[in-house]
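Visitor: Here are the chains, one letter per residue:
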Amino acid sequence: MKNLLLKNGRVIDPANNIDEVCDILVTGGKIAKVSKGIKDNADETIDATGKIIMPGIVDMHVHLREPGREDKETIATGTRAALRGGVTTMLAMPNTLCAIDCAERVRLLKDIIARTAFANVLISAAITKERCGKELTDIRKLKEEGITAISDDGSSVDSQKLMLEALIAAKKEKLTVTCHCEDISLTNNGVVNLGLTSTRLGLRGISKESEFKRVGRDIELAASANAPIHIAHVSCSESVQIIANAKQKGIRVTAETAPHYISLSEEAVFGYDTNFKMNPPLRAKADVEAIKQALRANIIDVIASDHAPHTENEKEIEFDRAEFGVIGMETELAVSITELIQAGILTWPQLVAKLTTKPAQILGINKGTLSVGADADIAIVNPEQDWLVKKEELISKSKNSPFLGRTLKGVVEYTIYLGNIAYKKTAKQ
Amino acid sequence: MNNFKEKAVILSAEEIKRIIYRLTHQILENNSSVGEIALIGIQTRGAYLAKRVQAIVKEIEGVELPLGVLDITLYRDDLTAVDSNPTVKETQLDFDINGKIVVLIDDVLFTGRTIRAALDEIMDFGRPQKVELLVLIDRGHRELPIRADFVGKNIPTSTQETVKVCLEEVDGKDEVVIGEKI
Amino acid sequence: MRKSNATIAWRRKDLLDIESLSREEIELILATAESFKEVSRREIKKVPALRGKTLVNLFYEPSTRTRVSFEVAAKRLSLDVINIASETSSVKKGETLIDTGKNIEALKVDIIVVRHNYSGAAAMLARSLRVSVVNAGDGWHEHPTQALLDIFTLKEKLGAIKGLKVSIIGDIAHSRVARSNIWGLLKLGASVKVCAPKILIPAAIEEMGVTVTESLDEAIADADAVNVLRMQFERDSQDAFPKQLEYFKNFGITEERLAKLSKKIVIMHPGPINRGIEMSSAVADGPHSVILEQVTNGIAVRMAVLFLVAQANEYINPTKHFSNPKGENKV
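Protein chains in written order, with our numbering: chain A, 5 to 433; chain B, 180 to 361; chain C, 1195 to 1525.
Among the hints, a few may not be true.
To be verified - Pair ranges (Cβ atoms, derived): (1) A290(A) / K1356(C): 32 to 40 Å; (2) N182(B) / K1454(C): 58 to 66 Å; (3) E340(B) / K1356(C): 40 to 48 Å.
None of these hints come from the bench; they were simulated from the model.
Ideal placement from N, C-alpha and C gives every residue a C-beta, glycine not left out.
Please model the complete structure; the sequences and the hints are all you need to start from.
Guide: See below:
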């Protein structure tokens, strides 16, 4: 294994409170030294002058679609796309075909990962069998197979009884519970935010209540179980308020939002472009602002992509019929830089923490840090360079990005995974 | 027209007035039975010229000739002009043109394409006994075998030049100027 | 009728909605329609304006009146017309809308008039094709030509739209006619009230700039005109819907209600009418009703729209190999 020396970059490692220009030596796939003026010989030296050196991103919410929907994405294409975005660890959601809801399916997925992944893929198993909300999975057994979290993502567990049992079981097994908060009876088959947007477009609206009522319920259940809980893809100000109140009361709730909820509001949907159709839907401008402020105030702990690849066949159709979801791993860092650093909402260390340290902490994994001895998962980023998001340059198998044609700031130049240069930006990009 | 550079005034208000009187006399001279004559002006300035002719006939003969207005936009041979977006105006032909001697009136005769379109449109309304053409200005450069029966003034022009007819009713003054597109 | 003064050029290859149109663009369509109305009074009701061009009526929802109106309008402009109904098309075989559109485009047609049950379908088609697309109703979104003909009729009856008070009564939530009318009327300076049972009022509709009432008497009290929407009781709905008789009792327009008004009111309906539900027969056939005039005006308005989009598309995507550069005097 080659030794790598990264010279003169601005090293940002929130886990160790480091934000200074120095060098990093990587040997044997691990971080060997972090200090100024490292003189050791290395097989390869990267001049990182003017660049940010940060831990590889830990994206705790992605859909890699394998097994079952390899036409949308595979572990191989998804992890390669991840590396382009500086992501070295990702948590794969279980809503594949079939759902990851038993030991055999976890083993099958682990085998695919072992054979084809280019980066670290963690597994979230389902809370209920086939994600149907009827019967709990065998959470203890799933834990033994090595899963990291449980979630019925894509659906919420409607039964309070099951949800409560799941929280208790997960606490015992030290598994993260990621909640997709949606009360389907309030969603009303909606496809866009309920309000002027749905009325203008003549589309069914998804109320904010469908999200925040369920956020409230799940947090209450967690409180009564005295168990930690993680709220996925927060999109509206009411959810933020509920999470803030819960945190204040000392309830162990953490929350994530996705890059599109800090960069796009419901007005983006006016051309019926299905690349702006996701669940929860893009909300009002005031919600976008509330989400940003919640990130600043640490009410929302994590930015995760909710990378949701869909084929053109599933997107290039009538808005009502198109699938929900957008891809995001290749753009999440740049969107965050553009919307949060540029706008002065977050400092660099704060942003890096939300992409690395925090999700690693929530998942209880030894990643997301540049500590000496840690896995050498590193992203080297040119923070000033602008780039245009082009369909033909996307690595993900699906191209359903809401940022196509947008110019973003911040380019990942290298992604190092376990000490190897796993991604290097080519000249043309 | 903003892209028009005026070169010379060809006809003054007084001259235009005299010409219209002369042309009206010629119409009456040419057609012994006034009762069969109908006037049709081409939108926009041809329509106003026709109205003036109608008034003069009334003054001379005491007869009010039927007056129609044609908008030939829907009969054009090119849907879009090179640099203009013609607004469709109304055609008003509220009398029976069958058997009538139609005097078709326009301000400038140029390629003849407008007259071709107008003739087609008139034929869709009926079968006149005869159609005669009256124009204030004939500037040449015909692209179709069309000629006017009554011409106010022949003005030789180059194709680069433009003839602009101003009438009191639309432009605030009576005047014919020659100019160039710039 | 006061003659409209349109000063701008039409530069859209498509007509997808009213919301994105400027006041000037709406006025241009209305002015053009005024001119076209005369064509239908001729003995030969046909002009060669769009001769040699082809229009496809692509209808994914059953519709007779809109399709026929477009067909008549098209034929009066000398367009060749082909009708495709979803029952007979490859739609049933699973072809996507865009594929269907591209196949139609490959037949070298010039205009597609599309009626679709999904909101945004016309916009999607327009984005993917070079041919002109005219929205003949998409889902609950918009039905621009219906609003244009309603406004044209109002203007003909009442002189000007600015300052008028217009109430729209009925299933606002699921009505594309309501949305298009609201945008059009507001842009032209009318004030608009919508009136329906609460369950049929869509979210945040006031933010469009209208007032909302659940009282029919209030809606008609000082209105200059009312536009009564069709109640689609046959619609396969997953939402709550009022019962027919109950609806007529509370929202049906009757002579008794009209008799209480201090002034004459213009009553419009996009048709087909449910007699005895939205209004009584006496009202539908009575002196207030302009329903049949709407139908007649629909031809002129649709002729204007077809002419304008065809002309604009000719400008945007020229098909001619020659032009007439010398024709600037009178072309």
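Visitor: Hint by hint, which ones does this structure get wrong, listed from lowest number up?
Guide: Hint check: nothing fails, all pass.
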